[in-house]
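Asker: These protein sequences, in sequence, are chains A and B.
First residue of the first sequence: 1, per UniProt numbering; consecutive thereafter.
First residue of the second sequence: 1, per UniProt numbering; consecutive thereafter.
Take these hints with a grain of salt, some might be off.
[To be verified] Pairs of lysine-lysine, BS3-like flavour, derived with a Cα cap of 27 Å:
hint	chain 1	residue 1	chain 2	residue 2
1	A	Lys63	A	Lys199
2	A	Lys57	A	Lys26
3	A	Lys26	A	Lys63
4	A	Lys26	A	Lys69
5	A	Lys72	B	Lys30
6	A	Lys69	B	Lys30
[Said to hold, decoys possible] Incomplete in silico selection of chain A near chain B, CB under 7 Å:
hint	residue
7	His94
8	Glu95
9	Arg116
10	Leu176
[To be verified] Computed far set for chain B versus chain A, every beta-carbon distance over 10 Å:
hint	residue
11	Gly120
12	Pro127
13	Ala134
14	Glu136
15	Val148
16	Ala172
17	Ala175
18	Val190
19	Pro244
20	Glu267
21	Gly275
22	Leu288
Bear in mind the hints are in silico, worked out from the structure with no lab data behind them.
Model, not experiment: these values are computed from the prediction.
Virtual Cβ for every residue (Gly too), placed ideally from N, Cα, C.
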Amino acid sequence: MLEIHGLDVHYDGVHALRGLSLTVAKGEIVALLGNNGAGKTTTLAAASGLVRPSAGKIVFDGKDITREKPHKITASGLVHVPEGRKIFSTLTVHENLQLGGYLIRDQAEIRRRIERVYELLPRLAERRGQHGGTLSGGEQQMLAIGRALVTGPSLLLLDEPSMGLAPLVVASVMELIAGINADGTSVLLVEQNATVALKIANRGYVIENGECVLDGPAAELREDARVVEAYLGGVRRNGGT
Amino acid sequence: MTQLVWNGLFVGSFYALVALGYSMVYGIIKLLNFAHGDLYMLGAFVGFAILGAVGGVSPSMALPLLLVVLLATMVVTGLAGVALERIAYRPLRRAPRLSLLITAVGASFALEYGMRAVAGADPQVYPVRLGGTAMEVLGARLTLQQLVLMGVAVVLMIALNLLVTRTREGRAMRAIALDPRTSALMGINVNSVISRTFFVGSALAGAAGVMAGAYYGKIDFMMGFLIGLKAFTAAVIGGIGNIPGTMLGGLLLGLLESFGTYWLGGEWRDVFAFGVLILFLTVRPTGLLGERVTERV
Numbered sequence: 001m002l003e004i005h006g007l008d009v010h011y012d013g014v015h016a017l018r019g020l021s022l023t024v025a026k027g028e029i030v031a032l033l034g035n036n037g038a039g040k041t042t043t044l045a046a047a048s049g050l051v052r053p054s055a056g057k058i059v060f061d062g063k064d065i066t067r068e069k070p071h072k073i074t075a076s077g078l079v080h081v082p083e084g085r086k087i088f089s090t091l092t093v094h095e096n097l098q099l100g101g102y103l104i105r106d107q108a109e110i111r112r113r114i115e116r117v118y119e120l121l122p123r124l125a126e127r128r129g130q131h132g133g134t135l136s137g138g139e140q141q142m143l144a145i146g147r148a149l150v151t152g153p154s155l156l157l158l159d160e161p162s163m164g165l166a167p168l169v170v171a172s173v174m175e176l177i178a179g180i181n182a183d184g185t186s187v188l189l190v191e192q193n194a195t196v197a198l199k200i201a202n203r204g205y206v207i208e209n210g211e212c213v214l215d216g217p218a219a220e221l222r223e224d225a226r227v228v229e230a231y232l233g234g235v236r237r238n239g240g241t
Numbered sequence: 001m002t003q004l005v006w007n008g009l010f011v012g013s014f015y016a017l018v019a020l021g022y023s024m025v026y027g028i029i030k031l032l033n034f035a036h037g038d039l040y041m042l043g044a045f046v047g048f049a050i051l052g053a054v055g056g057v058s059p060s061m062a063l064p065l066l067l068v069v070l071l072a073t074m075v076v077t078g079l080a081g082v083a084l085e086r087i088a089y090r091p092l093r094r095a096p097r098l099s100l101l102i103t104a105v106g107a108s109f110a111l112e113y114g115m116r117a118v119a120g121a122d123p124q125v126y127p128v129r130l131g132g133t134a135m136e137v138l139g140a141r142l143t144l145q146q147l148v149l150m151g152v153a154v155v156l157m158i159a160l161n162l163l164v165t166r167t168r169e170g171r172a173m174r175a176i177a178l179d180p181r182t183s184a185l186m187g188i189n190v191n192s193v194i195s196r197t198f199f200v201g202s203a204l205a206g207a208a209g210v211m212a213g214a215y216y217g218k219i220d221f222m223m224g225f226l227i228g229l230k231a232f233t234a235a236v237i238g239g240i241g242n243i244p245g246t247m248l249g250g251l252l253l254g255l256l257e258s259f260g261t262y263w264l265g266g267e268w269r270d271v272f273a274f275g276v277l278i279l280f281l282t283v284r285p286t287g288l289l290g291e292r293v294t295e296r297v
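Go ahead and model the full structure; you've got the sequences and the hints to work with.
Answerer: Below is the structure:
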């Protein structure tokens, strides 16, 4: 469903990605792991059209989207939930969700989808009239994912949904992601918290300095000595262990 | 007293119409569009040209004709605003803010002296003057034409506010004002929403230009300069980027000028207006209704 071949990205004088390749098959959750600055966010930004690759190819649903504009990529069903949630802070929760349905012309369909999000995430329904910026971090993450669900993605790109959240909240976010996947949406999940990501993922890639250094089924990565040492070791990380 | 209030509200509604375009553009791309007042001037001249082409009409038809001309002019100045953004501002979207500002000043001169080259330096007399007998309301003298013009201004402002707060397009505008990158991820074509914002803002300025032409009767190529600055002042008073705040700022500035002129004399009018601008920029730069950002990161 998503194929990235030999992707190179330069920006601000930084060679952020060096020949990165990865695939996400239909129905999968794929984890993209790595440290800060490894190129995880850049990979997602390139896939959703926010940054232009200098070389390589990105194919989504059989279509070359390497140089496509972000709004067109979203329209084709690849929806990116950016790092730091990026809630529209002075718009209400409800308006944020309505923006997720920007491309849908049928008003009744937008309402149906928003109602479904409210059923799934009742906290958002309680806060529908509040400004997005007043929500807690966990609620903002839920809103960011809910907003993407209103868009109706076939592939969801999630950038560090666990960032800055308490362990219990992280668990419920991961549960939400697993549930969305069970309903048929493929997921590319960027995480620094490898433990929680590999719990729900089918496969994973580990990247360092813009290159893929390791990939395989999630169960194998969980056992791999290099992963354990670098990402699952005794060091306490943001939001997890 | 009521006369002063009425005069203030009347002039203030012109200021508000022009200030709205200023404020919308600032809100969405954080650009102080110094050429905005010149779109008002362009509107006055476009209306002048259309009226001249139509020829003389009987006084009873003046008002309906003026409303038609108003709509046509709004389309023309709206498109001029779109062209201005496309040619002068979009190529600089990622450039430092100062480059954009200087370009806006340049665009302002280009419009002013472009119009001077086309229409000449002498003031033109508007072919349609809305005559009308004054009537007495609560001790203030006002004319039917004033009432109609103000009515049009109020209708346009209400329509704009509904557009921004209630519609999909307005939500997209507010989203882009906050975060253009994330807006694109929502599937919003950011460039075309910015173009349409320029269209709406410039159309309002054009409408105000025609109204000013028909009301004051005289237009010239520099007429947009002062009103541009006044509109900026109005926007700052109310809270630049905030639509209801900008309308309020326009009306307040009109009232301030009206009362200030009465107490201090006409020659102090602009001093008064810009004194208020400086006061606000120093004491309360976010304006009366400027956004209080409630954010948890």
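Asker: Each of the hints needs a verdict: does it hold here or not?
Answerer: Here is what the structure says about each hint:
With a CA separation close to 31 Å, the supplied pair lysine 63 of chain A and lysine 199 of chain A exceeds the 27 Å bound. Among the hinted pairs, lysine 57 of chain A with lysine 26 of chain A is consistent with the structure: their alpha-carbon atoms are about 19 Å apart, no more than 27 Å. Note on lysine 26 of chain A and lysine 63 of chain A: the hinted pairing holds, with a Cα-Cα distance of about 15 Å set against a maximum of 27 Å. Only pairs whose Cα atoms come within 27 Å are accepted, and lysine 26 of chain A paired with lysine 69 of chain A is accepted, the gap being roughly 23 Å.
Taking the CA atoms of lysine 72 of chain A and lysine 30 of chain B, the gap is about 25 Å. The hint holds against a cut of 27 Å. About 23 Å separates the Cα atoms of lysine 69 of chain A and lysine 30 of chain B, which keeps this hinted pair within 27 Å; it holds. Below 7 Å, beta-carbon pairs count as interface contacts, and histidine 94 of chain A has none with chain B, the closest being about 10 Å; its hint is therefore violated. The restraint placing glutamate 95 of chain A at the interface with chain B holds, with a minimum CB-CB distance near 6 Å, inside the 7 Å limit.
Of the supplied interface hints, the one on arginine 116 of chain A is violated, with its beta-carbon coming no nearer than about 18 Å to a beta-carbon of chain B, more than 7 Å. Restraint check, leucine 176 of chain A versus chain B: the minimum CB separation of about 19 Å is more than 7 Å; hint violated. The beta carbon of glycine 120 of chain B is kept farther than 10 Å from every beta carbon of chain A, the shortest such distance being approximately 45 Å. Residue placement check: proline 127 of chain B keeps its beta carbon more than 10 Å from all beta carbons of chain A (closest about 45 Å).
Here alanine 134 of chain B stays apart from chain A, with its beta-carbon at least about 45 Å from theirs, past the 10 Å limit. The claim that glutamate 136 of chain B is not at the interface with chain A holds, since no C-beta of that chain comes within 10 Å of its own (minimum 46 Å). Chain A leaves valine 148 of chain B outside its interface by the beta-carbon criterion, the shortest separation being 35 Å against a cut-off of 10 Å. Not every CB of chain A lies more than 10 Å from the CB of alanine 172 of chain B, the least distance being 6 Å, so the non-interface label is violated.
Distance check on alanine 175 of chain B: its Cβ comes as close as 5 Å (rounded) to a Cβ of chain A, failing to clear the 10 Å threshold; non-interface status is violated. With a minimum CB-CB distance of about 7 Å to chain A, valine 190 of chain B fails to clear the 10 Å threshold, and the non-interface call is violated. Residue-level check passed: proline 244 of chain B sits 14 Å from the nearest beta carbon of chain A, beyond 10 Å. Listed as outside the interface, glutamate 267 of chain B is consistent with that label: its C-beta sits roughly 42 Å from the nearest C-beta of chain A, beyond the 10 Å cut-off.
Separation of glycine 275 of chain B from chain A is adequate, the least Cβ-Cβ distance of about 31 Å exceeding the 10 Å criterion. No Cβ of chain A comes within 10 Å of the Cβ of leucine 288 of chain B; the nearest lies about 17 Å off, and the non-interface call holds.
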